[in-house]
Amino acid sequence: MTTTGEVFDFDLMPFLQSRRNVYQLIYLLFMEPKADQFLYDLGKGINFKELEEFQKEIGKTLEQFFNQISDEQILKQKEEFHRLFIGPGQLAAPPWESYYRSKDHLLFEECMFQIRDLYYQFGLQNIKENKEPDDHLLLELEFMIFLSEQSLQQIDLEELKRFISTQIEFLQNHLLTWIPPFCERIFENTTSSLYLGAAMLLEDFCWCDLEALIDAREAL
Amino acid sequence: MSEQNPLKNLLTNKMQRRTFLKWSGAIGLPVVAGGIGTKMLVERKQDEKPASAKETEQIVSTCSITNCGGRCVIKAHVKDGKVVRVSTDTQKGGDLSTPPLRACVRGQNYRKMLYDPERLKYPMKRVGKRGEGKFERITWGEAIDTIASEIKRIGDTYGPESRYVNYATGQSSGLHGGRNSARKLLSLTGGYLEYRGDYSVGAGSVATPYTYGTNLTGSSFDSLLHSKYIILWGQNPSEMIFSTPYREYLVQAKNNGAKIVVIDPRYSDTAVAFADEWIPILPTTDNALMDAMGYVIVTEQLHDQAFLDKYCIGFDEDHMPEGVSKNESLKSYLLGMQDGIPRTPEWAEKICRVPANKIRQLAREYATSKPGALIQGWAAQRQAYGEQFMRGGAQLACLTGNVGKLGTWAAGTGSWSRSNMIRPFTYENPVKTSIPCFLWTMAVEKGTEMTAADGLQGAEKLNSNIKMIVNLAGNMLINQHADINKTSKLLEDESKVEFILASDIFMTPSAKFADILLPGTTFFERHDIGFPWGGGDYVILGNKAIEPLYECRDEYDVFADVAEKLGLKEQFTEGKTTLDIVKESIKRTKQEIDPKFPDYEEFKKKGVYHFKYDEPLVGFKEQIDDPANHPFQTPSGKIELFSKALWDMNQHDEIPAIAKYIPSWEGPEDPLIGQYPLQLTSWHYKRRCHSTYDNQEWLEEAGKQEMWMNPKDAEKRGIQNGDRVQVFNDRGLLVIDVKVTPRITPGVCAIPQGGWYTPDKTGIDQRGAVNVLTSQRPTPLAKANPQLTNLVEVKKA
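In order, the protein sequence lines correspond to chains A and B. Numbering of the first sequence is given in this note's numbering, commencing with residue 2 and proceeding in unit increments. Numbering of the second sequence is given in this note's numbering, commencing with residue 2 and proceeding in unit increments.
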């Protein structure tokens, strides 16, 4: 990375915290919607203006959903969630890395086992191992959340760098290999502002985070 | 990271401006209280293998039990709980007592089926209109509760006869399976309406026993090594397999000098691979050809009079049953003594289009090249008068004396069996009422009006229409039953069938009609034993290779839970798991049937067991060698070319006492042909097993879904090879690509059966699901499916 240009005061801690927060937000947006208080509260907590600063369209799209949130809307999103990610039958946007990376669009393929190895290296395991694929979007996001939280705990520079490197590699070798085509399918197949916004945020943030992490690693 | 953290300020003044700007928004996003909730990534258990140390590959021998004509060995290569590849039997060919049981193209696709992202993964309940395909994920608890309460409610409200387990063959072999599990549970709670017969050989399996007293009319395949002449009449083992080792024996028979003739409207893959001669014929006219062959054989004195005199009833006036006019004999019919129409080759040519001289040649060759084997496929009995086809073949075998001797084949249904295992999973249905399986839609619509004339048995009448359907691993609910449009409409009406339970591994057209839809297991995920279909001296252990994926479950376990809910768990399981059932079957088979049978561990290792015999099984050998002590199981104890039982039904036009050609509705002689000038037939395609695997893309490369049409018919309609066409009649319309080929008889089109009904927004099928065009009118005697009897027109889409 080039080192030209102005440098800014950029605190490590808020940086690492906010990364975690964004991954958490994305995770929650991609969970099955439930007709309870949760989505209402989530909407109240998001500052859409700030999100617009991050990326204008994302903030607007999500705001559109959360401004009109109602029980009926949530039920509609639930139906949409099933159609896109659960089934039964043909899925509009299969949420597994293997699907995008294997020749025949299958699940439980080699790339999933690479991810499993990575989980093992950090003492982790999919609670539904060999039942549900280890490379589901939510599991990969949960792994990123785990890694960003671990980064926050580190007091040793080399260890911190190791965690940052792992996240860079995980983004490069896994998340970003399939998130773009996955989001593309969402863009093509839904008009739900919740899922359009969530997908935009997911894709954009992963790229942005990669860049920031590389930057940070150089700076450290 | 706390304020005291030494790394806290490391980034200060080091990050790039653009990164900062981009981040300024994100930084403000809130911490979500409670984080992400329940974690899916948990601390890894310590006792397991160290990270990255991969397991070595295990090879698990297993076996699919779909309704495939074959039953082959599938070897699952399992590593880290995953099937990484499949291979098949590596047994060398040559020794026909242990023939290799190799998978075909369908078997090579199994791993893709297993890990297909579209597997049904969770229990679902319908949320839209029935058939619309809208579902919502539910817990297993809710699914079990609903099933238990509906079974009880419908039984209490309408009586046990209102509950029906639909014909379904996704698990057609094996020891437990969906259908049997459902039947056992229903048996324990008052019973269910039973069905008889099947969609494979529905007409034939009722008709054949009227001639021979049994459907076990076949011989073991090794007997064919002694045949001089083999006719495969409407049989296509190259695609539908018809027992995995069968083709190996046909090759060997051919090497031994047998001439093989294939009679089929299509120049099938079997004709390509095995036939010395292909005889094209119009569908539904097989019996005209049979009658004319009979005429030639009798008039040219090529018949075996001694055999007919000794073993048969009804050939000539001297061998007629009491109380029946002598003019009703087979000979009298063939010679036209009663109606003045001798069934000459010229007479037949006009009907079936086989040239008269070709008929003569075929009749002479079959009657003189002994021993001869006339083997009937079942396609030609899935027609309006399918009963006649099966009895007609048997008639020819008897005319030529090709019964009971090595190298012959008695025709008819042609099943054979001499190797079996104990099947310990049993139940007894307290309800003794049954319907022919093809008439289930009638029983939904007006079951209480059904009588013996509709094939109702065990009761004068039904107390209720069908109100609940259990459809497990089956696509007969919509796709494979005749007249899809009519069936869909019937099932959409939720006041008729009140509850439909389905389980499957994919979202089939039938599964869409479920009220509760359960995710079933593939054979990789369960314990079972595979029995060969259509004969074969072997069994294959269906080892469980991996744990069920997602929330998929064996139906056995599901119904065990339902039983528990109803307080009947112990009665249902008798304390056994599916593995216990498999082990018990093996143990008892060794004790009670074959002491050489391996024990479980050995069977598990080898995967397959071949039963060995010193000599071929010859159908009816005992009856022919020693008739005094071994009568045929018919009312007269003889072969009944003329069946008094059929005669007494007194519907001689449609249910004649001897097999004869009956001009078929929607056949070439039906005036409807003016409006719909093409006969439409279907066949079992190599890329599918019935409708199973139709959603498997890789197999589409092995065989595209397309309709065959003769160049003459295409030219008349301005249709080019590869064109998309509409195929239609009064029952429906579908759209399909066309293959223009001289491999099909002019006047006939053929669509491979089993394509998944895929209506577009206007309700028009885009996949070529042939049952959009087929009729629910049953055959006269068996009340069986006539799905290869159709008239259609075709035009460019």
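Keep in mind the hints are simulated off the structure, nothing from the lab. For clarity, every value in this text was computed on a predicted model and none was experimentally measured. For glycine and all other residues, C-beta sits at the position ideal for the given N, C-alpha and C. One thing to keep in mind: the hints can contain errors.
[To be verified] Listed next, the stretches of chain B that the computed footprint assigns to chain A, with coverage defined by at least 3 CB atoms under 8 Å from CB atoms of chain A:
id: 1; region: 74–86
id: 2; region: 124–135
id: 3; region: 397–406
id: 4; region: 547–556
[As the list claims (entries may be wrong)] In the DSS-like style, the derived pairs of lysine-lysine whose C-alpha atoms are separated by at most 27 Å in a straight line are:
id: 5; chain 1: B; residue 1: K545; chain 2: B; residue 2: K606
id: 6; chain 1: A; residue 1: K104; chain 2: B; residue 2: K122
id: 7; chain 1: B; residue 1: K130; chain 2: A; residue 2: K77
id: 8; chain 1: B; residue 1: K371; chain 2: B; residue 2: K311
- Query: According to a criterion of three or more residues whose C-beta lies within less than 8 Å of a C-beta of chain A, is the region 397–406 of chain B covered?
  - Reply: violated (count 0)
- Item | Outcome, coverage hint (the region 547–556 of chain B, chain A; C-beta under 8 Å; three residues) | holds (count 6)
- Query: Taking only the CA atoms, is the gap from B/K130 to A/K77 under or equal to 27 Å?
  - Reply: Distance of about 16 Å is within 27 Å: holds.
- Item | Coverage criterion applied to the region 74–86 of chain B (partner chain A; beta-carbon cut 8 Å; 3 residues) | Coverage by chain A holds for the region 74–86 of chain B (3 residues, Cβ < 8 Å).
- Item | Given hint B/K606 paired with B/K545 - CA-CA distance at most 27 Å | The given pair, whose Cα atoms are some 13 Å apart, holds under the 27 Å limit.
- Query: Quick one, are B/K371 and B/K311 close enough, alpha carbons at most 27 Å?
  - Reply: Since the Cα atoms of B/K371 and B/K311 sit roughly 19 Å apart, the hinted pair holds (cutoff 27 Å).
- Message: Against the 27 Å threshold, does the CA-CA distance of A/K104 and B/K122 hold or violate the hint?
- Response: Holds, because 22 Å separates the two Cα atoms, which is no more than 27 Å.
- Outcome, coverage of the region 124–135 of chain B by chain A - at least 3 residues whose beta-carbon is closer than 8 Å to one in that chain: n = 4 at 8 Å, threshold three: holds.
The structure is inconsistent with hint 3 alone, although it conforms to all the rest.
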